[in-house]
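Undergrad: Each chain, letter by letter, is given below.
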Amino acid sequence: MRNKSWDSLKAFAIELVRKKTKAEQKKSEPSLKAFVVQLAIFTALVVSYFFLVLSFLSHWLKEIFDQDKLVYALVAWGLIAAQGVVLEIIAAALLKAVESRID
Amino acid sequence: MDFPISGQHINPLYLAILGFVVGIFGGFFGVGGSFIAGPGLFVAGLPMNWVVGTDLAHIVGKSIVAMRGHLVRGNVDMKLGLIMAGGTIIGTEAGAQGIQYLKQLKLVNQVVGFLFIVVLVVISAFMAWESWATITGKGKRAQKRKSKEDESAVGGFSDRIHRIKLSPMIKLAESEIKSISLWTVLVVAVIGGLFAGFLGGGAGYVRMPLLVYVLGVPTKVAIGTDLFEVVISSSYGTLSHAIKGNVDIMIALVMHTGAAVGAQIGVVLTQFFRGPRIRLAFAPLPLVGAGLIVYGLLTGHPMK
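Chains as they are written, first to last, in our numbering: chain E, 1 to 103; chain D, 1001 to 1304.
Take these hints with a grain of salt, some might be off.
[Stated by the list, open to error] Just a few of them, taken from the derived set where beta-carbon distance is under 8 Å, the chain E residues facing chain D:
| hint | residue |
| --- | --- |
| 1 | Ala34 |
| 2 | Phe35 |
| 3 | Val37 |
| 4 | Leu39 |
| 5 | Thr43 |
| 6 | Leu57 |
| 7 | Ser58 |
| 8 | Phe65 |
| 9 | Leu70 |
| 10 | Tyr72 |
| 11 | Ala76 |
| 12 | Trp77 |
| 13 | Ile80 |
| 14 | Ala81 |
| 15 | Leu87 |
[Claimed, not checked] Cβ pair distances, simulated, as ranges:
| hint | chain 1 | residue 1 | chain 2 | residue 2 | range |
| --- | --- | --- | --- | --- | --- |
| 16 | D | His1009 | E | Ser100 | 42 to 52 Å |
| 17 | E | Asp66 | D | Leu1298 | 55 to 65 Å |
| 18 | E | Arg101 | D | Lys1178 | 41 to 51 Å |
If you are wondering where the hints come from, they were derived from the structure by calculation, not from laboratory data.
Please read these numbers as outputs of a predicted model, since none were measured by experiment.
Built from N, CA and C at the ideal position, the CB exists for glycine as well.
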């Protein structure tokens, strides 16, 4: 069971970055309905993330900024890169989930 | 909402919408959107040194998102992107040092603002002329490439660049370039980096035209490769400016939430438009940014 989950995760990660042929691209292009549903859910998740997570980070980051600029630089880069990657993974996973339900 | 790192008070919804618009541009045009994001932050009251650094940070997250979409479509020339990254890092650091110097002279808003306006107007005018000439077939050296969607009114210029025999010469198969001097690629990279470090953002508004018109990279590959290269160069710019005290990462994170949503739309839209038409649609956008900076410089206070 655990191996199956791990294999699914691996396949999903490879699918995220693998170069696709034109035929595969055409096949993987989402339908308008799936894309709209995915976008709506994704937007709702992002808004929730803002209120539940981001709004509490200000003062912690200000402390680091005042204490050590190098650490702040690394934390800042790490946060924005992680947010970028995580949001992209969530968007891709959502689209896959929505497409499988619609189909 | 208060942003204590930069000491500013900005509406987070404004930042999210700004990020959303910029995200669509990033996914569709392959540029970071700093020609809108930078001016948008400036008129919200953020001083130019913070605008430059914060915009660079915001670009990191956004360009990763937009790049992945182009990566799976085969629009990224990794070899070209990695070669350019070295030159861009050099240029970015030089730009960042320039900002520090202007901070000391207390001239950063005026100098950066003025240069931004000049750059944006020139780019807008050139791209409008070139893409319109290509679409109407009136360019002197309109040239058909293998891919008909990538005609250009100035295609001959990149051919002359390819004929510069300054070794080492390299081949860029993904970009359909048989032979080009490595130094040409590095010069383009340094110029792009300089703009990124000095004016903020990924400098795609400079790099993408250079990729297409100087190096001769097909438009769709230029979009994806530019984004790939921006991920690397903006990361360095973020670290450099953060150490110098010019990055408010909270503002960048909030903007990026909007950009993540916008980028989903932008990437999908590229399926439906040809090279010259993409460039024509891009042409007026830098003027919007220039207008915002003029407003900010003339009024001297944030747009509310």
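Undergrad: Now tell me, hint by hint, if it's right for this structure.
TA: Going down the list of hints, with the structure as the test:
{"no.": "1", "hint": "Ala34", "verdict": "violated (11 Å)"}
{"no.": "2", "hint": "Phe35", "verdict": "holds (7 Å)"}
{"no.": "3", "hint": "Val37", "verdict": "violated (12 Å)"}
{"no.": "4", "hint": "Leu39", "verdict": "holds (6 Å)"}
{"no.": "5", "hint": "Thr43", "verdict": "holds (5 Å)"}
{"no.": "6", "hint": "Leu57", "verdict": "holds (6 Å)"}
{"no.": "7", "hint": "Ser58", "verdict": "holds (5 Å)"}
{"no.": "8", "hint": "Phe65", "verdict": "holds (5 Å)"}
{"no.": "9", "hint": "Leu70", "verdict": "holds (6 Å)"}
{"no.": "10", "hint": "Tyr72", "verdict": "holds (6 Å)"}
{"no.": "11", "hint": "Ala76", "verdict": "holds (4 Å)"}
{"no.": "12", "hint": "Trp77", "verdict": "holds (5 Å)"}
{"no.": "13", "hint": "Ile80", "verdict": "holds (4 Å)"}
{"no.": "14", "hint": "Ala81", "verdict": "holds (6 Å)"}
{"no.": "15", "hint": "Leu87", "verdict": "holds (4 Å)"}
{"no.": "16", "hint": "D/His1009 x E/Ser100: 42 to 52 Å", "verdict": "holds (44 Å)"}
{"no.": "17", "hint": "E/Asp66 x D/Leu1298: 55 to 65 Å", "verdict": "violated (34 Å)"}
{"no.": "18", "hint": "E/Arg101 x D/Lys1178: 41 to 51 Å", "verdict": "holds (48 Å)"}
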